[in-house]
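**Student:** Take a look at the letters that make up each chain.
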Amino acid sequence: MPIKSYIAHPTEGRRNELIMKLKEFSSCNITPATNQEIVIVVTDTFSNEEDLALHEKLINLPELKHLTLVSGFSDEEIIN
Amino acid sequence: MQQVDRRVFVKKMAISAAVLAAVSMFPGIIFAEEQEQNIPKGDLEWKKAPCRFCGVGCGLLIGISKNKAVAVKGDPKSEVNKGLCCVKGYHSVMALYGKDRLTKPLVKKNGIYVETSMKEALDLVASKMKGTIKSHGKDSVAIYGSGQWSIADGYIASKLFKGCIGTNNIEANARLCMASAVTGFMTSFGADEPMGCYEDIDHANAYILWGNNMAEMHPVLFSRMLDQRLKRNAKIVDFATRTTRTSMAADKSILFKPQTDLAVANAICYEIIKNGWMNKNFVAKHCKFNAGKTNIGYGLTDDFKFKDEPKQIDFASYKKFLEDYTPEKVEKYSGVSARDIKYMASIYGDPNKKVVSFWCMGPNQHTRGTWMNNLIYNIHLLTGKISSPGNSPFSLTGQPSACGTAREVGTFTHKLPKGLVTNEKDRAFAAKIWGVPVENIPDKPTHHTVSMFRALDRGEIKFMWIQVTNPMVTMPNLKRYRNGAEKEGRFIVVSDVYPTPTTDVADVILPSAMWIEKTGLFGNSERRTQFWEQMVTPPGEAMDDGMQLLEVAKRLGYGKYFPYSKDKFVEEVYTEYTKHHAGKKHEMAPLEVLKKESGMIWPFVEGKPTKWRFNSKYDPACETEGFHFYGNEDGRATIWQRPYEPAAESPDDEYPFWLNTGRVVEHWHSGSMTRRISVLHKAMPNSYVELNPEEAKKMGIKNKDKVKLTTRRGSIVMLASVNERGIPPKGQVFVPFFDEHFLINEITLDSYCPISNEPDYKKCAVKVEKV
Numbered sequence: 001m002p003i004k005s006y007i008a009h010p011t012e013g014r015r016n017e018l019i020m021k022l023k024e025f026s027s028c029n030i031t032p033a034t035n036q037e038i039v040i041v042v043t044d045t046f047s048n049e050e051d052l053a054l055h056e057k058l059i060n061l062p063e064l065k066h067l068t069l070v071s072g073f074s075d076e077e078i079i080n
Numbered sequence: 001m002q003q004v005d006r007r008v009f010v011k012k013m014a015i016s017a018a019v020l021a022a023v024s025m026f027p028g029i030i031f032a033e034e035q036e037q038n039i040p041k042g043d044l045e046w047k048k049a050p051c052r053f054c055g056v057g058c059g060l061l062i063g064i065s066k067n068k069a070v071a072v073k074g075d076p077k078s079e080v081n082k083g084l085c086c087v088k089g090y091h092s093v094m095a096l097y098g099k100d101r102l103t104k105p106l107v108k109k110n111g112i113y114v115e116t117s118m119k120e121a122l123d124l125v126a127s128k129m130k131g132t133i134k135s136h137g138k139d140s141v142a143i144y145g146s147g148q149w150s151i152a153d154g155y156i157a158s159k160l161f162k163g164c165i166g167t168n169n170i171e172a173n174a175r176l177c178m179a180s181a182v183t184g185f186m187t188s189f190g191a192d193e194p195m196g197c198y199e200d201i202d203h204a205n206a207y208i209l210w211g212n213n214m215a216e217m218h219p220v221l222f223s224r225m226l227d228q229r230l231k232r233n234a235k236i237v238d239f240a241t242r243t244t245r246t247s248m249a250a251d252k253s254i255l256f257k258p259q260t261d262l263a264v265a266n267a268i269c270y271e272i273i274k275n276g277w278m279n280k281n282f283v284a285k286h287c288k289f290n291a292g293k294t295n296i297g298y299g300l301t302d303d304f305k306f307k308d309e310p311k312q313i314d315f316a317s318y319k320k321f322l323e324d325y326t327p328e329k330v331e332k333y334s335g336v337s338a339r340d341i342k343y344m345a346s347i348y349g350d351p352n353k354k355v356v357s358f359w360c361m362g363p364n365q366h367t368r369g370t371w372m373n374n375l376i377y378n379i380h381l382l383t384g385k386i387s388s389p390g391n392s393p394f395s396l397t398g399q400p401s402a403c404g405t406a407r408e409v410g411t412f413t414h415k416l417p418k419g420l421v422t423n424e425k426d427r428a429f430a431a432k433i434w435g436v437p438v439e440n441i442p443d444k445p446t447h448h449t450v451s452m453f454r455a456l457d458r459g460e461i462k463f464m465w466i467q468v469t470n471p472m473v474t475m476p477n478l479k480r481y482r483n484g485a486e487k488e489g490r491f492i493v494v495s496d497v498y499p500t501p502t503t504d505v506a507d508v509i510l511p512s513a514m515w516i517e518k519t520g521l522f523g524n525s526e527r528r529t530q531f532w533e534q535m536v537t538p539p540g541e542a543m544d545d546g547m548q549l550l551e552v553a554k555r556l557g558y559g560k561y562f563p564y565s566k567d568k569f570v571e572e573v574y575t576e577y578t579k580h581h582a583g584k585k586h587e588m589a590p591l592e593v594l595k596k597e598s599g600m601i602w603p604f605v606e607g608k609p610t611k612w613r614f615n616s617k618y619d620p621a622c623e624t625e626g627f628h629f630y631g632n633e634d635g636r637a638t639i640w641q642r643p644y645e646p647a648a649e650s651p652d653d654e655y656p657f658w659l660n661t662g663r664v665v666e667h668w669h670s671g672s673m674t675r676r677i678s679v680l681h682k683a684m685p686n687s688y689v690e691l692n693p694e695e696a697k698k699m700g701i702k703n704k705d706k707v708k709l710t711t712r713r714g715s716i717v718m719l720a721s722v723n724e725r726g727i728p729p730k731g732q733v734f735v736p737f738f739d740e741h742f743l744i745n746e747i748t749l750d751s752y753c754p755i756s757n758e759p760d761y762k763k764c765a766v767k768v769e770k771v
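Line by line, the protein sequences are chains A and B.
With my numbering applied, the first sequence covers 1 to 80.
With my numbering applied, the second sequence covers 1 to 771.
Certain hints may be false.
Said to hold, decoys possible - Below 30 Å or equal to it, Euclidean Cα-Cα: the simulated DSSO-like pairs (lysine-lysine) are:
no.	chain 1	residue 1	chain 2	residue 2
1	A	23	B	11
2	A	57	B	12
3	A	65	B	11
4	A	23	B	235
5	A	65	B	235
Stated by the list, open to error - From the structure, some residues in chain A lie toward chain B, with a derived Cβ separation under 8 Å:
no.	residue
6	3
7	5
8	7
9	25
10	29
11	31
12	33
13	34
14	38
15	44
16	47
17	48
18	67
Bear in mind the hints are in silico, worked out from the structure with no lab data behind them.
Backbone N, C-alpha and C define an ideal beta-carbon position, used for all residues, glycine too.
Please model the complete structure; the sequences and the hints are all you need to start from.
**Tutor:** Have a look at this one:
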């Protein structure tokens, strides 16, 4: 049940589309910056497999130029 | 904690980590939506307050639930931050709830701190003061306060010490951060504080930052500049001694060798005149030229004294003086190419560009700090780019009420709320409002801050009360002053909210109410006074600093001079205080306005703030059409002839590097509050020494390696930072001062500007060794 946070850099001129796409993922919480292009994405999934699958989908979004992992919390860290 | 709560908590941690990472990648970035999302659900009562931290004075809305501050958001009505909030402001209320908050008075008995009641502690403070004055005279007691004192706190302290006890032994830590700005304003304009306001950002075409890492120190103002760059293509030029986040975000970064900003500023003036960019009409009508003493020393000895002797000169002499500062000559020792000097001059000189200069500690904490301030004003005066929207020389402050309390209330040895102790009329005016005999107020200043701690060391001062500040982290050449405070026969009282290295030297520790646990007023960098009301109850016996002073005043027999009610004393004090500033030049907004608005800029005349002083279009105090620099008797601003002079201590064979100190975005000043905020502490858990990457490689030093720094004052071992936050040029190292576990000020130098008496924390010579 990992929780991870990323900084998502949109493809030029496609920030709003990226935000719309990210909102469609139920395992993603997004926080767009107010005065910059980037978007913070927090993923909350039920298993490592689901986390990997979600990551794969995210990095294949044409609206996404680059995804930078910032933090990751494992089950153990969440329970403790 | 249940797992579901834990999960929510971890998600918040994940967001915070990403926000902090984004802050480091994109200076000035704001996440307004994140602030909204993190606000707890349920019934919250929202109340307005200025931020507790830096001098920008952002308006915050604090969410209160069950007598606890649980949420913060930027106040959209605030003209300062327009709803934005930086990482410190956003987490500010967490600083109230650190686990080791001081809640009971502590008295040192046989070397051990023993809890006591507030009544007994205040009785002891009063009796020690009384006894010390009786045995050693009025000037044997002193108070050292802060630009974080609320207006009422500072006012009560000044009235008690100057008006009642009869000593000018009152200083504030603002001496360490903006005294050079004050003397700069006073010598150039005869009136303190910036003439413009933050709205200048919205009008300027270019921002020149003089040694000012605004992306980390004033992030909300920096984000406003970035916004204007996006909207209007405004340009940012970072003129600094090291590469910082500000440099990385600027349109142009220009590095100079420490202390040579003096020469570069003169070279810009040279270029302006040479290229015919001088606004001759403005200069002829509104300016005069002065020269002062040169080779003025550095204040390194206890008996050091200095008084400037201004002499009026003519334009031809000034022009001749500038011939020593051609860009080509200055290039040779400043490290700034003639081309870059000419580039900066061309921005100021372009008649179609509006320019704001921002500065803070770089030019202020400088052994020629007053001169540096004068020189930046020279540039704006020569071009006539001043006192109008978008044209502003703008000195920023680092503390929330450095202007409102320290400068405007006048909590310095030489000052009164209005005027100087040396002026008979000013003393009489203050005494009348205070209701004290005029003879009570001594006509001579005693000690500025460094001198005050030297007097404590020598034993001339035997009792010192320290409120809302942490000098045992922030004094330069710290060991001497800590040793002085710990000597036999000294009695130290410290009022604070957390244990600090300063409470460690205290004989009595008084727990203070903090920020929104009391009613208060702050004044920010743009002359904006802001009021907030008490929102939550202070913990335990913690008490408002102003109330602590009032209680001691009563015990000393001065109760009749402080006839305020217990519940409304802050409001009553403010109403009394505003009498000192009555009139068009400094009229302050009445309380009913401040209660309603997110602060108000003074002079507040006929219901309106004066946004640009000295310009008759905006300032009702002007007596002539156009510009009127009414702080000076002749109505003219002064262009000063100020030369380049070297630093007090420069690198040599034994100590081959420059040591520069400063701050980081996560922590505020000595870190006593922000280090208690877990998100900020985790993001920046300890201080470090920043090294030039090439030099680090040459010395075999990698990131996190232990490095020994040695100056003539001593040594400190800390971890290396290479290619991380900032990058110093070759021959320089940088250390943030927020971490009490690495007291960098133990090895800094206590040299100061002889005019402002502000120490230079930016320059001394240091040896760097891998451990």
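**Student:** Now look at each hint and say whether the structure bears it out.
**Tutor:** Now the hints, each set against the structure:
1. Restraint check for residue 23 of chain A and residue 11 of chain B: the C-alpha separation of about 17 Å stays at or below 30 Å, so the hint holds.
2. For the suggested pair residue 57 of chain A and residue 12 of chain B, the alpha carbons sit about 23 Å apart, so the restraint of at most 30 Å is met.
3. With a C-alpha separation of about 24 Å, the suggested pair residue 65 of chain A and residue 11 of chain B falls inside the 30 Å cut-off, and the hint holds.
4. With a C-alpha separation of about 35 Å, the suggested pairing of residue 23 of chain A with residue 235 of chain B is violated against the 30 Å cut-off.
5. Between residue 65 of chain A and residue 235 of chain B the CA atoms are separated by roughly 27 Å; this keeps the pair inside 30 Å, and the hint holds.
6. Satisfaction of the interface hint for residue 3 of chain A is found here, the shortest Cβ-Cβ separation to chain B being roughly 5 Å, below the 8 Å cut-off.
7. Because the smallest distance between the Cβ of residue 5 of chain A and any Cβ of chain B comes to about 4 Å, under 8 Å, the interface hint for this residue holds.
8. Given hint, residue 7 of chain A at the interface with chain B, holds; its Cβ is 6 Å from that chain's nearest Cβ, closer than 8 Å.
9. Interface hint at residue 25 of chain A: violated, since its Cβ lies 15 Å from the closest Cβ of chain B, which is beyond the 8 Å cut-off.
10. Annotation: residue 29 of chain A was flagged as interfacial toward chain B, and the flag holds, the nearest CB pair being 7 Å apart, inside 8 Å.
11. At its closest, the beta carbon of residue 31 of chain A sits 4 Å from a beta carbon of chain B; the interface hint therefore holds under the 8 Å criterion.
12. Taking 8 Å as the C-beta contact cut-off toward chain B, the hint placing residue 33 of chain A at the interface holds, the least distance being around 5 Å.
13. The beta carbon of residue 34 of chain A comes within 4 Å of a beta carbon in chain B, closer than 8 Å, and the hint placing it at the interface holds.
14. Hint status for residue 38 of chain A: holds, given a least beta-carbon distance of 6 Å to chain B, under 8 Å.
15. For residue 44 of chain A, the interface hint holds, the least distance from its beta-carbon to any beta-carbon of chain B being 6 Å, beneath 8 Å.
16. Interface restraint check: residue 47 of chain A against chain B, minimum CB-CB distance 15 Å, threshold 8 Å, status violated.
17. Taking 8 Å as the C-beta contact cut-off toward chain B, the hint placing residue 48 of chain A at the interface is violated, the least distance being around 16 Å.
18. With a cut of 8 Å, the hint placing residue 67 of chain A at the interface with chain B is violated, because the nearest CB-to-CB distance is about 11 Å.
Checked against the numbered hints given earlier, the structure breaks hints 4, 9, 16, 17 and 18 and satisfies all the rest.
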